[in-house]
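Colleague: Residue-level listing of the chains:
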Amino acid sequence: MDNMNNKVLKIENLSIAFGGLKAVDDLSFDINEGEIFGLIGPNGAGKTTVFNCITQFYKPDEGKIYFKNNKGEVEDLVGVKTHEIIGKGLVRTFQNIELIRELTVVENVMVGAHIDFKASLFNQFFRLKKTREEEAKIRKRAEDILDHMGLLAIKDMLTAGQPYGVLKKIELARALMLNPKLIILDEPAAGLNDTETLSLVNLIREIRDERNCSILLIEHDMKFVNGLCDRICAINFGKLLAIGTPQEIQKNQEVQIAYLGKEDD
Amino acid sequence: MNNKLTNFYKLHKPYTQFLLFGIILSFLPLLVSLGIVKYSLLTTVASILIYSIVALGLNLLLGYSGLISLGTAGFMGMGTYLTAFITADLGLPFELALIISVAVPMLIGVLTGLVSLRIEGYYLAIATLAISEILRKVFIEFDFITNGFSGKQAQYPKLLGFLQLDRNGTYILIVFFLILVMVMMHNLVNSHTGRALSTMRGSEAAASAMGVNIYRHRLLSFAIAVAFSALGGVLYMHFVRYTYPNAWILMLSLNILAVIVIGGIRSISGTVLGAFIVFGVPDLILKRLPVIGSIDGAAYIFNGVLIILVILFYPNGLINIRYDIQRNLRKLFKKGEEING
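Chain order of the listed sequences is A and B. Under my numbering, think of the first position of the first sequence as 183, with each following residue one higher. Under my numbering, think of the first position of the second sequence as 10, with each following residue one higher.
Since the hints were derived computationally from the structure, they do not count as laboratory data. Watch out, some of these pointers could steer you wrong.
Said to hold, decoys possible - The list that follows gives simulated cross-link-like pairs (lysine-lysine, BS3-like), each with its CA atoms no further than 25 Å apart:
1. A:Lys312 with B:Lys22
2. B:Lys22 with A:Lys311
3. B:Lys343 with A:Lys319
4. A:Lys337 with B:Lys22
5. B:Lys22 with A:Lys322
Source: prediction; values computed, not measured.
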């Protein structure tokens, strides 16, 4: 807790069990400020469960999740309400895209700034000055982000029916609305073709450099992870295998057996 | 100048549309007094407009928040009894009655929601069904206030203590409230609360990750739905001037649900269209047909068949028929051009 100097997130002895199954078992790792950090492991290793614990979708059985929030204070996230997490400066995307089909692209992105809206219900009912100002301000912010991603042309189209790669970008755009300190991406490259993956690598780097945030991601595509991440944490059956640079992880015997070796056969 | 006008229209499109709709509706009393349409038509249209208000509230709940309430009739009935009691028995002004008769059902709605909305799933539907039946029982049993089965009466509203409305005046008041509710709904669903509700309906995970307090937003949309139901009840009471327990049965709640399914989920104009179909067609058309008109409950059969057809062909409501009409018209137009060219 005291040595959070350059760290944005520090997980200590995290454990959660579903019935008899220990999905995450005594896992510890930390993420530096400005770092792109990868979490890898075979299917069912507990990666998404770790994400869900950090974002408080699941309440961990044991362990601490220290996070340096927007104001620079260190805080244990365990027990914080799910909908309060984003206000701390921590935002996530989902493995299966969770966008709203009935809303337009820009409206979906604007939801990312939901907590920045302060207008009262009455104010919204009659679309008074405050509502109009907030709407305009936050719509502009959403459009700027969409413009940056090259999606401005489709901003007023519904998300239903957009190609998969575009949906992934929209979800990422939504996550950027509040200038988070840490962005958690659950399999951002899944289902993308090679060109799309390459442009995503650049986009994620750009986001980190321009917005001064850290990124934690889960990914299966090893080329993607090795090319992008500063450090990688490999887990299997909810337990830590190794933490290190991509090169170290690639050389690690245990990781090779558990994960890389099997994939090559 | 013309350009300015069209610009203004585009900028305020939904508002001007709603206003135009309201102005057209306001001509009905004139048509009645000129003898062009029947006297009874005004009553039918007024009740359709009242049910539109109620259905708009339910559409916010079902279409935008993904929750189902079966207590619409009960809360509407409660609005009628409260306003009748406050204006007729206590002799207090209409405006005060309006506020109390909307606030009290809302409070009861919130209490119901506090218990049933914590749990995911259809518990709200079950809880509201129970509340609605309890309320109906109250209307019957508390006869020292409600007059039991014989029902309760009230007068046309007196605005601001001196402006005594007649039948036509009350009708215009109903039109005013409908347009107001349409504008409010339009604004709400296009603001951050509306988007939060839609997100909650589409993906609870995404909503809570984006900072939407699910429980609070569920409660909020339910409270608004109840408020609109009660408002409909108040207007009903002061137009029909009579309420009795068996007017507020489950069948009415289901009919309001049918309004949304038939007219258009997540659509304001669709809701009004649905109300005209569900509450208008049986009264205005079916009853006048030779054989069908004599069948008891023909309206139910009509609604049932219509729901099946709509779900098959227009799953998002009949309001979407306009796109098909537009497309077909365009096709016809193009064909004509091709032949000419």
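Colleague: State for each hint whether it applies.
Modeller: Structure-based check of all given hints:
1. A:Lys312 with B:Lys22: Holds, at roughly 21 Å.
2. B:Lys22 with A:Lys311: Holds, because 19 Å separates the two Cα atoms, which is no more than 25 Å.
3. B:Lys343 with A:Lys319: 43 Å, violated
4. A:Lys337 with B:Lys22: Answer holds: lysine 337 of chain A to lysine 22 of chain B is near 20 Å, not above 25 Å.
5. B:Lys22 with A:Lys322: 22 Å, holds
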